[in-house]
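Chains as they are written, first to last, in my numbering: chain A, 1 to 554; chain B, 555 to 1130.
Just so you know, these hints were derived from the structure itself, not from any lab. It is possible that some hints are incorrect.
In silico negatives: residues of chain A with every beta carbon more than 10 Å from chain B [said to hold, decoys possible]:
| id | residue |
| --- | --- |
| 1 | P21 |
| 2 | D73 |
| 3 | R188 |
| 4 | A215 |
| 5 | P251 |
| 6 | Q342 |
| 7 | E427 |
| 8 | S459 |
Listed next, the in silico DSS-like pairs over lysine-lysine satisfying Cα-Cα at most 30 Å (straight line) [unchecked claim]:
| id | chain 1 | residue 1 | chain 2 | residue 2 |
| --- | --- | --- | --- | --- |
| 9 | A | K533 | B | K682 |
| 10 | A | K89 | A | K276 |
| 11 | A | K179 | B | K723 |
| 12 | A | K422 | A | K492 |
| 13 | B | K824 | A | K128 |
| 14 | A | K423 | A | K276 |
| 15 | B | K578 | A | K182 |
| 16 | A | K150 | A | K89 |
| 17 | A | K430 | A | K374 |
| 18 | A | K434 | A | K276 |
| 19 | B | K932 | B | K1033 |
| 20 | A | K423 | A | K374 |
| 21 | A | K374 | A | K89 |
| 22 | A | K321 | A | K276 |
| 23 | B | K598 | A | K535 |
| 24 | A | K535 | B | K1056 |
| 25 | A | K322 | A | K492 |
| 26 | A | K144 | A | K321 |
| 27 | B | K682 | A | K276 |
| 28 | A | K128 | A | K89 |
| 29 | A | K434 | A | K321 |
| 30 | A | K321 | A | K182 |
| 31 | B | K682 | A | K179 |
| 32 | A | K414 | A | K434 |
Cβ atoms here follow ideal geometry from the backbone N, Cα and C, with glycine treated the same way.
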Amino acid sequence: MRFLPLLVLPLLALAEEKSAPDTVLETMNNELIRSLGSLKRQPVPPYFLSYQLTDNRAVSVTSSFGALTQSNDQRTRLLDIDLRVGDYKLDSTHGGRPGTAAAGAIPIEDDPAALAVSLWLETDRQFKEALQLYEAVKTNQDIKLAQEDKSPDFSPALAEKHLEPIAPFSFDRAAWEEKVRKYGRAFRGHPDILSADVTAIGEIETRRYVSSDRAAIRMSMPFYRLLISASIRAADGEVMGLNRTFMSFHPGGLPSDEEVLRTVSGMVDMLLALQKAPVGEPYTGPAILSGRSAAVFFHEIFGHRVEGARLKDENDAQTFKKKINQPVLPDFLSVYSDPTLQAFHGTDLVGYYPFDDEGVEARRVTVVDKGVFKTFLMSRSPVDGFDQSNGHGRRQQGFAVAARQSNLLVESSKTVSRAELKKMLIESVKAAGKPYGLFFDDIEGGFTFTSRQLPNSFSVMPTVIYRIYPDGREELVRGLNLIGTPLIAFSKIVAADDDPEVFNGLCGAESGWVPVSAVAPGMLLAQIEVQRKEKSQERPPILPAPEADARSAR
Amino acid sequence: MKRALLLMFGLAIAAFGQQDVVVKAMRDELARSMAGLRMENLDKPYFISYRVDDADAGVVSATLGQLTASNFGRSRALAVQVRVGGYQLDNTDFSSGHPGLAPRALPLDDDYEQIRREIWIATDAEYKLASATLAAKRSVLERRKAAPALADFTKQDPVTVSEPAPALKIDVPALEQLARDVSAVFRGSPEILGSDAQITLATLTTRLVNSEGALSTGVRTILDLHVAARTQAPDGSALIDSFHVNGRSLDVLHRDELLVRTRALLARLKVLRAAPVLDRYNGPVLFEDEAAAQAFAQVFAPAVSAVRIPMTEDPQVENQIEQVMDQFRVSLADRMGGRVLPESFDVTDNPLLSDFAGLPLIGRHAVDSESVPAREVKLVEGGMLKALLATRTPTAQTAASTGSAYSPGMAAASNLFVTARQSKTAAELRQELLRMAKQRGLGYGIVVRHVGEVGLNALMRMALGRMSADTGSAIAAYKVFEDGHEELVRAQISPLPVSAFKDIVAAGDKPGVYNIGSLLFMGSLTGGAPAMAWSTYIVPPLLFEEVSLKAPSGPSPTAPVVASPLDIGVPIGSSN
């Protein structure tokens, strides 16, 4: 399954090339060559130029408690230009730069003349902007202290050719309107539930990339999502939310009605239970992270620290910069970033891509091997000791590329069953003389500081937490955040289970929102810390909900 | 064609309203909120209004014969107004620093239960905000030891109005093709650096209810076609020109006429590019065609729209706003009863007319956004200012609404008729222009026909200047010489102070009818969001005694380094 697309695609691409020439890609390439040819005669010419054109069609429908609130079908085409003056060592992007988005509207139709004019005008604008930036860069070089990191600003790349056929797309908007209505209605009848939104999105994105490296790439991928979110308010004012996300590359990859309705019914039960659950207390002690929770935890706390670009920033804490070939995790854990993986145990991994946004082929990167740190995720922006991209230069359209995560895989060479992991937790609870341990069943997200000005702590937001008592009894609690510092937290992992789970989501950072996955087994940590969550001071509505009022009047 | 207009006073519910699930949800939640919404020790609401707008809206845009966007969609939005206190003193006309609550999206489905639920949540939030605002306002009043001189809101007898309209069929492919065709006019012109044809279309179904018992429902379509192009003169200065076509239906879009206008825009820009620069001119200027309507739309109409400057925590802020208004002379409110135009001029705002001389008027409406019936307002009679366009927010000059609220508290013109009892033919106007120029020792007079994107209002120009660097760009002006010949020149026109209207020398005998969307910039002065108002101006050519023009200034970006692909013959596709 995993290698199939790579074997099949070149053949398809050849067939595609013969039958229907891609006038858009040709226009991009012609205009790039024409512009560069002319700009080369300038006193300060560009040494690199790339165009990325992203066609997107997104059909999106949303319901609130089963009433349709939004139904759209939108087409966009966005242009990102990377134009650099100077040279690989020092160029106009040194020390950061504004976004790469085109200022004007780009035709969404394929006629060469109109598209060429847009490319021409944007290239001209970016060239003038690059000249100004380059002047400032050179001036800064003269007046500022030498930087610790002496690496160049950009690295060369191969002249990659990769032409995927335009992917088929099927998303029946009317049918999905009915589905989101049906799913959302299942939240009704509970006046205390504050919000209940169901969104289905069918999207197809085709990215074309040409560069002065002579790369010519066309990737085309559909992306289907079902997002369910709901919240409830407890008597003390705390608002608790739950989210469920399903994502797939295939139109049939989203769950059946029965499965979704089961999910919704589980969410309703969990919300009502959370509303009545006691508020947790500040606590330190042993805890289990479910596979899904561990996946989010690793993405947030570990993954963002291995994104290479940040090492160039003198203000970054650079947690792992001097840790090459040193242990950073227990020796039974290895971590890979593998954008070439399309699915894991039947679940699609949305961090998949064949080429990154700088025309570099995606590849599997071993970040941690048996606990020992090996390398960073790299874009074409080198850092000391890492002069080449490993295919992790990613961006949301309009943002400058940065090294980002793709599919983060946490693997354990030593595993126990889930039941065994719980048994181990109870043992360590008893050994530490604690009244209970914690089980984090679900984590919504979190944040971590990586700059030097702030303590490098993290805080993740669990949505479903249980106390596990020595007698094995489980009790739902609410109102807690999981906090700590990364290096200590990683050193406290003592065991992993044999049931890895997948987290698919969108991750926001310097280069915008990109789809990512994380896969991890459940884990036992010898010690974690939780603190009380901040609570809304907002007063609940003065009047009861209209339906509750009507019921009580009857 | 006049549309059926049903206007009834009293409590009877129009047929539209009776069956409408949305109206039922609005009225039921309104009644429940008025009866029960109250926090201990705080005022209860004395007035609540709900407005629900269903929008079927979209945008089609194209450049060089190719679509750049085509998106249509449906939305339904709720705006809630909650007033606590009383008509004399309430939570409004006070700037608390809170930006106010945005309209809330409602379900598109006619789902009674869910719509009521959303209205409930929005009303609750508005009530809490209103209570906090009134408390802050009272404490400011206490600190200033002053009772407010003006009431905050006027009472209004409830009306029930229904303005149905035939359902609009939007043929999206036809609109797309029109945008392609119009924008393709620029394909042969490499000197045009950017061009765009955009059609914005919205059909709004509005439902408005309030606790005084008013109910109005209506359907209206707003259409805006905008064609814009920009180029650079050889000396670098940026030249932008555009035109709008506005209407209440798609009937105003005539392909051939649009192509003619677009080609004229292109020709104008090309000529303007090569035209000499006007060095400096102080003297009589004849405003012909759209320029005369724009002068009234941008300068005069805002000046006769009543504005209440809200009280703020810091009296300095109120003083500053008043100073800005004085400095830019944007209001005529304090000239009530005085002469503001020549004695032969009358100005009337008439929202009840739907067409004039066979042309549709965009400003027609039967009831305004504060549930006040629209009516004809005689603003200027015999040159004397007789009335201001007013809302239910009283000002020193306006005690009652004239039914002119474009949005709550914000007045705007609807269909503004400017007439002169004595007028001159086009030839006579030119003679007069030349006579006056000669008197001043000038060898020529100036005619302006079109002011493009530049704007004639000083305050608006200052506000736009912050958003775009292109506002210094030149307009086309014509030197008219004694032998009758004209010479096109590039010039920058100074803003027109509203006091210049008093010194208009003469008016033409053939008024033009122009639909103009203008930014209600007074709203941004007083803390509100600036809204676009769509109005029709019926204005004859106007000869102003003194207007200043000078050489264009402003940024002069360098020309593109690489030649345009259109210049070197990139194959032109078949979309023409």
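Verification of the supplied hints:
At roughly 13 Å from the closest C-beta of chain B, the C-beta of A/P21 stays outside 10 Å, upholding its exclusion from the interface. Look at A/D73: its CB is around 8 Å from the nearest CB on chain B, not clear of 10 Å, so calling it non-interface is violated. Distance check on A/R188: its Cβ comes as close as 8 Å (rounded) to a Cβ of chain B, failing to clear the 10 Å threshold; non-interface status is violated. Remark: the non-interface label on A/A215 is consistent with the geometry, its nearest Cβ contact in chain B lying 21 Å away (cut-off 10 Å).
Non-interface status of A/P251 relative to chain B is upheld: no Cβ of that chain comes within 10 Å, the nearest being about 22 Å off. For A/Q342, the shortest C-beta to C-beta distance to chain B comes to about 31 Å, beyond the 10 Å cut-off, and the non-interface label holds. For A/E427, the non-interface assignment is confirmed: its Cβ lies about 49 Å from the closest Cβ of chain B, beyond the 10 Å cut-off. The Cβ of A/S459 sits about 29 Å from the closest Cβ of chain B, beyond the 10 Å cut-off, so the non-interface label holds.
Among the hinted pairs, A/K533 with B/K682 is consistent with the structure: their alpha-carbon atoms are about 25 Å apart, no more than 30 Å. Note on A/K89 and A/K276: the hinted pairing is violated, with a Cα-Cα distance of about 61 Å set against a maximum of 30 Å. Taken as a hint, the A/K179 and B/K723 pair is honoured in the structure, with Cα atoms around 28 Å apart against an allowance of 30 Å. For the hint pairing A/K422 with A/K492, the CA-to-CA distance comes to about 16 Å; that is within 30 Å, so the pair holds.
For the given pair, B/K824 sits about 25 Å from A/K128 by alpha-carbon distance, which is consistent with the 30 Å threshold. Taking the CA atoms of A/K423 and A/K276, the gap is near 27 Å; set against the 30 Å cutoff, the hint holds. Pair hint B/K578 plus A/K182 holds up; C-alpha atoms about 24 Å apart against a cutoff of 30 Å. Between A/K150 and A/K89, the direct Cα distance comes to roughly 9 Å. Compliance with the 30 Å bound is thereby established for this hinted pair.
The straight-line distance between the Cα atoms of A/K430 and A/K374 is roughly 37 Å, outside the 30 Å bound, and the hint therefore fails. Of the pairs offered as hints, the one joining A/K434 and A/K276 holds, with about 24 Å between alpha carbons and a cut-off of 30 Å not exceeded. A C-alpha spacing of about 36 Å is found between B/K932 and B/K1033, which places the hinted pair above 30 Å, so the restraint is violated. Taking the CA atoms of A/K423 and A/K374, the gap is near 33 Å; set against the 30 Å cutoff, the hint is violated.
Between A/K374 and A/K89 the alpha-carbon distance is near 25 Å, which keeps this suggested pair within the 30 Å criterion. The suggested pairing of A/K321 with A/K276 is violated, with an alpha-carbon distance near 46 Å, which exceeds 30 Å. Only pairs whose Cα atoms come within 30 Å are accepted, and B/K598 paired with A/K535 is accepted, the gap being roughly 28 Å. Distance hint between A/K535 and B/K1056 is unfulfilled; the C-alpha atoms sit about 62 Å from each other, more than 30 Å.
The hinted pair formed by A/K322 and A/K492 meets the criterion: a straight-line CA distance of about 21 Å does not exceed 30 Å. Under the criterion of a C-alpha separation no larger than 30 Å, the hint pairing A/K144 with A/K321 is consistent with the structure, at around 23 Å. Simply put, B/K682 and A/K276 have alpha-carbon atoms about 27 Å apart, close enough for the 30 Å limit, and the pair holds. Using a Cα cut-off of 30 Å, the hinted pair A/K128 and A/K89 holds, with the two alpha carbons roughly 20 Å apart.
Proximity of A/K434 to A/K321 is assessed by CA-CA distance (about 37 Å); at most 30 Å being required, the pair is judged violated. Between A/K321 and A/K182 the CA atoms are separated by roughly 51 Å; this puts the pair beyond 30 Å, and the hint is violated. Between the alpha carbons of B/K682 and A/K179 the distance comes to roughly 36 Å, so the proposed pair goes past 30 Å and is violated. Of the pairs offered as hints, the one joining A/K414 and A/K434 holds, with about 26 Å between alpha carbons and a cut-off of 30 Å not exceeded.
Hints 2, 3, 10, 17, 19, 20, 22, 24, 29, 30, 31 from the earlier list are contradicted by this structure; the remaining hints agree with it.
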